[in-house]
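Colleague: Residue numbers (my numbering), protein chains in the order written: chain A, 1 to 444; chain B, 1 to 435.
Just so you know, these hints were derived from the structure itself, not from any lab.
Please note that a few of the clues may not be correct.
[What the hints assert, rightly or not] Residues from chain B that face chain A, not an exhaustive set, calculated with beta carbons under 7 Å:
# : residue
1 : 70
2 : 77
3 : 81
4 : 113
5 : 181
[Said to hold, decoys possible] Just a sample of chain B residues kept apart from chain A, beta carbon distances all over 10 Å, derived:
#  : residue
6  : 9
7  : 55
8  : 80
9  : 86
10 : 202
11 : 250
12 : 255
13 : 270
14 : 286
15 : 297
16 : 367
17 : 378
18 : 402
19 : 419
Small disclaimer: the values here were computed from a predicted structure and weren't measured.
We treat Cβ as the ideally placed atom computed from N, Cα and C, and that holds for glycine.
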Amino acid sequence: MRLFSNRRRNLHLGKYPMEKLKRVSKTTTFISDDVPRVPKRANFFNRAALGDLGVKAKSERPRFVGKLPFARSMGRVCQAHLPRHKGDPSTMQAPIPENLVKRSEHFKALAYFLNADVVGICEVPEYAWYSHDTDGTEIIPKHKFAIVILIDQGFETLDAASGDDWISNAQSFRAYMWGSNIACTLAEYIRELGYEAQAHTNLESDVLHNPLVMLAGLGELSRIGEVALNPFIGPRFKSSVVTTDLPLETDEPIDFGLQDFCSKCMKCAVECPCNAIPYGEKVMFNGYEMWKPDVAKCTAYRVTNSKGGGCGRCLKMCPFNKEGLVSHRIALWSAIKLPFMRRFLAWLDNKLAYGKRNPVKKWWWDLEIVNRKVTVPKDVNKRDIKNASEKPKAQRLGLYPAETIPDPDRKETEPIDRKTGMKLYEEARQKNAVRIAAKNRTAE
Amino acid sequence: MKLFSHRKRPMHLGKYPMHKIRRVEHPTTHISSDVKRVPKRANMFTRAARGDLGKKAQFERTNRIAKTPLSVALRNMSSTHDDIHDGPVAVDKAPITKDLREVAEHIKSMCIFLDADMVGICEIPEYAWYSHDDDGTAIEPYHKFAIVIVTDQGFETIDAASGDDWISNAQSQRAYLMGSTIACTVADYIRQLGYPARAHTATSSDVLHLPLTLLSGMGELSRIGELVLNPFLGPRFKTHIVTTDLPMQTDKPIDFGLQDFCNKCMKCANECPCNAISFGDKIMFNGYEMWKPDVEKCTLYRVTNQKGASCGRCMKMCPFNKEGILVHRLALWVAINVPVFRRLLSKMDNWFKYGKRRVENKWWWDHENIEGKYIFSKSVNQRDLKQTLNSQSDSRYAVFPPDMQPPPVHDDPFPVDRKEGMRRRLRSSKPPNNS
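When you get a sec, could you build the whole thing from the sequences and use the hints?
Modeller: So this is what it looks like as structure tokens:
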């Protein structure tokens, strides 16, 4: 129940005061102009399926989603939407306003009407397109604009979960399902108006979502690495994208001080059950200066997790994952405006025991499908919070940049080379240390 | 932005304090023991498509059913769910709790997690099943329980609309798509647990949603007639049902004083653009003691509306259609607990100009398909508030009880007999002698 009316707030502004954040012309994550495009074959879930992460991951990958009955049900609904991702636009173009701002407001309002949580629009850089499809055919960048939609995975259920127990993948799929509903409806609508449009969802996407989420001003890249973070819903979201030829007014990236916050907060790294999130500095990876997680470790953990289905513990534990009460908004305000408070806020988050599971909200049943039978799993991950003062563990991360990935059409297993991966990570770390030192010198 | 945390509130209770509303043994609408089952052919939209409401309605219903691009997109999406309403049931039953309450709470939580606005569970009376399918085959009631899933059509957009302009149909379609997504997921999940389950949505349903919505405690029948009203959402929702044999604890109907409120409030009847909602008293209709609208007028208006796509103006104008901020909750509390204030509250709703369009919030485009081409429509319904009450006498309404409805199979038009319908209305308008 709210105190004040939202009736004076236009629908295109959405649920959260995103319009109050600082906008910047470039993403706060440095992106060089030589980001290599990658084939879908290089996606680590695809690599797991083809055996690149070992026999266990290969055999577990097909049941990754399907071992949870609930996630499986949502997967079926998502599957049903597949035919509505692409299509030919209707031959007669409908009249629409010339004004690009009006257009963008219209499509944003529509996305919010369809229950999107945050929406932004950007141009699609070439590097955001995959280079090759799963079958090895080349992907030609075809649309200029992207409407990027974020769906909250929901605070309440995550509040009760450890992040890697028997609801984890279902939480992802709930957001994927709504994302697919919204993106496919928008794409159908734009095609019906007579313009090219394609929906990109978890099931089928020709674009990488991370750069688009940043460019559309929906979040900054975080320490978690492969996860952008929104100030209001934290990392607790999934994205879906509609690319289109219809000219639109674009948004600018946001800067809410996250790069500094993440440099002072290690919570995700401390809590990662497979130690895949770096405690250290950013490195250059495929043209991005970012905190790069060990994606091989992360994927293998999620796929082979035997005490739950999938894992999203980093997004559960992040101090930005909050219910959104007035008190949280005040904390958020100070995190954005008062840089010296950031270290304290990160400390406070643990002190107030945020991240502990809330048993009141556990509603799901721990069920696992084994050999087509629904069974009660033997074990379940029951994690709460680790001691904040815990010393960083010795961490050995692997880096798998574009030059080490398999050929686009390779059907056979191409095992990841951990040794080289670790060597590359070490080199990247040293190189960036030199780079930062040089940058600091020039700054002086 | 909320002040207080919801972290201590169990998931199954949902977003609204429905557990604080009084529960009763029987719906506040009297339902007799001889409600006749009806075939799908008798559904007024089907009748319009078959020509029972005339040539114009038939043409509009079959050729221009989705005349705005957004309706087309939403319908295309809903139709992808056609094949997943039902499916094979797992051979082995899953090891789940025998506690019926726990099962019910689990299923409700799941629906809430899937963004349902409310959920209720009831047993399905035989009369809630259609008697015959579209092709004329008899429908044997096949499941015992119904999970009734409620999705809000959304306050913000209807706030800007007249209820019968070019967004109207898309508002319904949006709620249908969301509900179908939830219902198909839950039905599939229950089948995986080893129990039969089927989703019943706007595109395909073997059950009548209205009695199930009443019985599961999701609302009371209102003056609008063919519409159940919820204290928190008003009439601004759509329902989607999962029928199943999974044993669960059921809910009871609710009583929040609506029968008395609607008795004292005529806003929907006064604002109905086609005068289909009764200003008079309840009548007995096919076993229900209800305010019976003129469904022919209503369907005809929706199907042939030339200044918009369909119509939902009654739910836009209802005093219970509110944003849900604190003052509205206080008014709601008064409406429920202090009967003497009901007439005043209904008047106040007009004084405060609730129902006026907030045009600055209009975000949609008024596209209309004319002969295969979208254009900006030349005419748009722009209704705000009527200031005076224009009651209509009962004699101008028609009713069409089961014996006047078409048989299960009838491909040719089975024209509605309006004269006879009006006669029937007058005959039935005497107060029923129920106890």
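Colleague: Would you mind marking each hint as holding or not holding in the structure?
Modeller: Hint-by-hint comparison with the structure:
Given the 7 Å rule on beta carbons, the hint for residue 70 (chain B) holds: about 6 Å separates it from the nearest Cβ of chain A. For residue 77 (chain B), the interface hint holds, the least distance from its beta-carbon to any beta-carbon of chain A being 5 Å, beneath 7 Å. Look at residue 81 (chain B): its Cβ gets to within about 6 Å of chain A, closer than 7 Å, so that hint holds up. The interface hint given for residue 113 (chain B) is met, as the beta carbon of that residue sits about 6 Å from the closest beta carbon of chain A, less than 7 Å.
Because the beta carbon of residue 181 (chain B) sits about 6 Å from the nearest beta carbon in chain A, less than 7 Å, this interface hint is met. Residue-level check failed: residue 9 (chain B) sits 7 Å from the nearest beta carbon of chain A, not beyond 10 Å. With a least beta-carbon separation of about 27 Å from chain A, residue 55 (chain B) lies farther than 10 Å from that chain, consistent with its non-interface assignment. Taking the minimum C-beta to C-beta distance to chain A, about 4 Å, the non-interface status of residue 80 (chain B) is violated against the 10 Å cut.
Every beta carbon of chain A lies more than 10 Å from that of residue 86 (chain B), the smallest distance being close to 12 Å; the non-interface claim holds. At the 10 Å boundary, the C-beta of residue 202 (chain B) stays outside the reach of chain A, the nearest C-beta of that chain being 15 Å off. Even its closest Cβ contact with chain A, about 19 Å, leaves residue 250 (chain B) beyond 10 Å, as expected for a residue assigned away from the interface. Distance check on residue 255 (chain B): its Cβ is at least 22 Å (rounded) from any Cβ of chain A, clearing the 10 Å threshold; non-interface status holds.
The beta carbon of residue 270 (chain B) sits about 23 Å from the closest Cβ of chain A, which is more than 10 Å, so the claim that it is off the interface holds. With a least CB separation of 36 Å from chain A, residue 286 (chain B) remains clear of the 10 Å interface cut-off, as annotated. Taking the minimum C-beta to C-beta distance to chain A, about 29 Å, the non-interface status of residue 297 (chain B) holds against the 10 Å cut. The Cβ of residue 367 (chain B) does not lie farther than 10 Å from every Cβ of chain A; its closest approach is about 6 Å, which violates its non-interface assignment.
For residue 378 (chain B), the condition that its CB be more than 10 Å from all CB atoms of chain A holds, with the nearest at approximately 12 Å. Distance to chain A confirms residue 402 (chain B) as a non-interface residue, since its nearest Cβ pair spans about 36 Å, more than 10 Å. Distance check on residue 419 (chain B): its Cβ is at least 42 Å (rounded) from any Cβ of chain A, clearing the 10 Å threshold; non-interface status holds.
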